[in-house]
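Undergrad: Please arrange chain B on chain A, whose structure you already have, making use of the hints.
In order, the protein sequences belong to chains A and B.
Start counting at 1 in the first sequence, then tack on 1460, and there's your number in the numbering used here.
Start counting at 1 in the second sequence, then tack on 1460, and there's your number in the numbering used here.
Take the hints with a grain of salt, since some may be wrong.
It does not matter which identical chain is used: a pair holds within one copy or between any two.
Calculated pairs, DSS-like style, for lysine-lysine (alpha carbon to alpha carbon, straight line, at most 27 Å) [as the list claims (entries may be wrong)]: (1) Lys1564 x Lys1471; (2) Lys1771 x Lys1738; (3) Lys1471 x Lys1696; (4) Lys1738 x Lys1485; (5) Lys1504 x Lys1727; (6) Lys1738 x Lys1722; (7) Lys1485 x Lys1771.
No lab work stands behind these hints, which were simulated from the structure alone.
Number of protein chains: 2
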Amino acid sequence: MTSLFRPALSKMLPYTPGEQSAPGKVIKLNTNENPYPPCPAVVKAIQEAATGNINRYPDPMATAFRHAAADALGLPGPEWVLAGNGSDEILTMLVRGFVGEGEKLRLPYPSYILYRTLADIQGASWEQVPFNDDWKLAAEFGETSDKLKLVLLPNPNSPSGTIVDQEEVAAIANSLDCPLVVDEAYVDFANQNCLELVQQNERVMVTRTLSKSYGLAGVRFGFLIAQPQIIANLAKIKDSYNCDAISIAAATAAMSSQDWLKDVVAKLNATRARMETKLTELGFHVTPSHANFVWCQHPDGNHQSRYEYLKANQILVRYMQFPDWGDGLRISVGTDDQIDACLMMLERFS
Amino acid sequence: MTSLFRPALSKMLPYTPGEQSAPGKVIKLNTNENPYPPCPAVVKAIQEAATGNINRYPDPMATAFRHAAADALGLPGPEWVLAGNGSDEILTMLVRGFVGEGEKLRLPYPSYILYRTLADIQGASWEQVPFNDDWKLAAEFGETSDKLKLVLLPNPNSPSGTIVDQEEVAAIANSLDCPLVVDEAYVDFANQNCLELVQQNERVMVTRTLSKSYGLAGVRFGFLIAQPQIIANLAKIKDSYNCDAISIAAATAAMSSQDWLKDVVAKLNATRARMETKLTELGFHVTPSHANFVWCQHPDGNHQSRYEYLKANQILVRYMQFPDWGDGLRISVGTDDQIDACLMMLERFS
Chain A
1461 MTSLFRPALS
1471 KMLPYTPGEQ
1481 SAPGKVIKLN
1491 TNENPYPPCP
1501 AVVKAIQEAA
1511 TGNINRYPDP
1521 MATAFRHAAA
1531 DALGLPGPEW
1541 VLAGNGSDEI
1551 LTMLVRGFVG
1561 EGEKLRLPYP
1571 SYILYRTLAD
1581 IQGASWEQVP
1591 FNDDWKLAAE
1601 FGETSDKLKL
1611 VLLPNPNSPS
1621 GTIVDQEEVA
1631 AIANSLDCPL
1641 VVDEAYVDFA
1651 NQNCLELVQQ
1661 NERVMVTRTL
1671 SKSYGLAGVR
1681 FGFLIAQPQI
1691 IANLAKIKDS
1701 YNCDAISIAA
1711 ATAAMSSQDW
1721 LKDVVAKLNA
1731 TRARMETKLT
1741 ELGFHVTPSH
1751 ANFVWCQHPD
1761 GNHQSRYEYL
1771 KANQILVRYM
1781 QFPDWGDGLR
1791 ISVGTDDQID
1801 ACLMMLERFS
Chain B
1461 MTSLFRPALS
1471 KMLPYTPGEQ
1481 SAPGKVIKLN
1491 TNENPYPPCP
1501 AVVKAIQEAA
1511 TGNINRYPDP
1521 MATAFRHAAA
1531 DALGLPGPEW
1541 VLAGNGSDEI
1551 LTMLVRGFVG
1561 EGEKLRLPYP
1571 SYILYRTLAD
1581 IQGASWEQVP
1591 FNDDWKLAAE
1601 FGETSDKLKL
1611 VLLPNPNSPS
1621 GTIVDQEEVA
1631 AIANSLDCPL
1641 VVDEAYVDFA
1651 NQNCLELVQQ
1661 NERVMVTRTL
1671 SKSYGLAGVR
1681 FGFLIAQPQI
1691 IANLAKIKDS
1701 YNCDAISIAA
1711 ATAAMSSQDW
1721 LKDVVAKLNA
1731 TRARMETKLT
1741 ELGFHVTPSH
1751 ANFVWCQHPD
1761 GNHQSRYEYL
1771 KANQILVRYM
1781 QFPDWGDGLR
1791 ISVGTDDQID
1801 ACLMMLERFS
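Bound-form chain A, shown alone:
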């Protein structure tokens, strides 16, 4: 690496997102996308925006979206919402906002390793606190420490699909003296969330994405829900025009389509239940999921060979291996046909 770069970057490894594939050729169950096309109102909004004023800069604060999100989620007002170019950008802003060089962030283990990359880029350190065997959090997760400036909790978690109860999250937040960010990328597939806690404690912040439940991974839109004084200060860090006019139009239409969301989530959760039953029948240990994927481990431990067998048969799932913890398969909830094909191949393997 050329010596022009900051030393913190020379030793870091980049985050590697899930494999992409040419559309149509492969059944893609590896990056937790929604297998269904987005709401027709969203497609219409994009096509209208294309002939709008795209030669003009977009609204820097995505005002229309903030209103739609506040309405859909029952927030006190749009000033509780900050829009971002995917929740990845929101997470980047949070790390840049709260964690300086030489400071520290905390995450549970196993969970979303992107958080570690964000710390590395910032020249900060990270510490991982293992989940208990029942996927609850050890008391250690809520302990304060001198350099600790940010705690990140994916909830529901990946790869496990498990969820930590709102009461437990509240207790952690209250014992910490730094922000606790609850990453709710998958929360629309669960039966609870932490929005209430945001109103009770300025140190609780919730991130959301339109990439999963709303079927808009290609559009890059995520947002933060936090108290207005937090939003106002974080906005200083963001690029002036971080969301484009077309994605603002798409995201606004998506948030205004809560009936569509309810339907698609019901459909995916029904498929998930079927996956859980069948995988259990096939001898897998299945962790009950609150997300649009299922984490499963087979007693024979042949996870990597199953991953490769599926891939050879044009089915892409995620093989994940966590040092000192274990490995398994994370299978996104697809359409019923896709999941039938996947389950059939897994049956054939065993």
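TA: Quick look at chain B alone, frame taken from chain A:
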């Protein structure tokens, strides 16, 4: 400001972009947008992308765009190009890549004050080297110093619209030991650029945007041209999916429409020449422009009152005031009708 944030952020002021206005009501000549709609091929690409796989994550490296850009600009290959969510994001990556907390970046004065904000966010410092009276750069601009990790040169510059010759830029780059980023946001309106220097010196990097000449400010797309080893390392800093599927499709179509670009630039440059002549007749001192705006100063010094007079008459231009240097009006090149209206009001004022 709540004490949860990094200290570097508590003292900084946010960057304030130019005023926005509801479309249609106002003649907007304040943020250097292209007044013409984008190429029809771009609109078509967006509308097609809307019904494509937007439920799937986009290509993390925007491969199609990189090929189109390399072809259009005669670069050795796509690995010389890094795509970003506007050139703002590219500039953010560059500052994060090269400048650590407590280190320093340099910019000329007066120029683009966003660079200072980016240093502030990073907890770094910035120093400004004044342009000479003839808009050339003082030797000081090329001097090395211990903490100096990045030098930024908007070329053509804003607010002046002036350009520093390629030979002069090469000499500065050779005397520095840190990267020199040439921000060529406006270069399509000029008659030279610094792409050749990138191939000669790994410390020279060029940023471009589709917001100005291509008429796509609403789409947020910019890119970096640098040597492949620089691009590969900077890619580690970017969000995994920093450009969305729709803007990649739009930007790829735009880069493949070089004939359209040539025509719209010729039209705008003809309008610019007319603006320069008429403003001179109206008694302004006009700095000859190589960009899609004109910087003008009137001997009577009544710039702010002209700005307000125009605004009261539904014409928005940029009043800019640079401490220890002076003030003036920066007027974007609009359509002929828009410029006629603006010039008529300025004539009426005087």
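Undergrad: Evaluate each hint against the coordinates.
TA: Verification of the hints:
1. Lys1564 x Lys1471: Result: close both inside a copy and across copies, 17 Å intra and 22 Å inter.
2. Lys1771 x Lys1738: within (20 Å within a copy, 68 Å between copies)
3. Lys1471 x Lys1696: between (29 Å within a copy, 11 Å between copies)
4. Lys1738 x Lys1485: Only inside one copy: Lys1738 and Lys1485 sit 25 Å apart there, 60 Å across copies, limit 27 Å.
5. Lys1504 x Lys1727: within (23 Å within a copy, 33 Å between copies)
6. Lys1738 x Lys1722: within (25 Å within a copy, 60 Å between copies)
7. Lys1485 x Lys1771: within (11 Å within a copy, 56 Å between copies)
Hint check: no violations occur; every hint is consistent with the structure.
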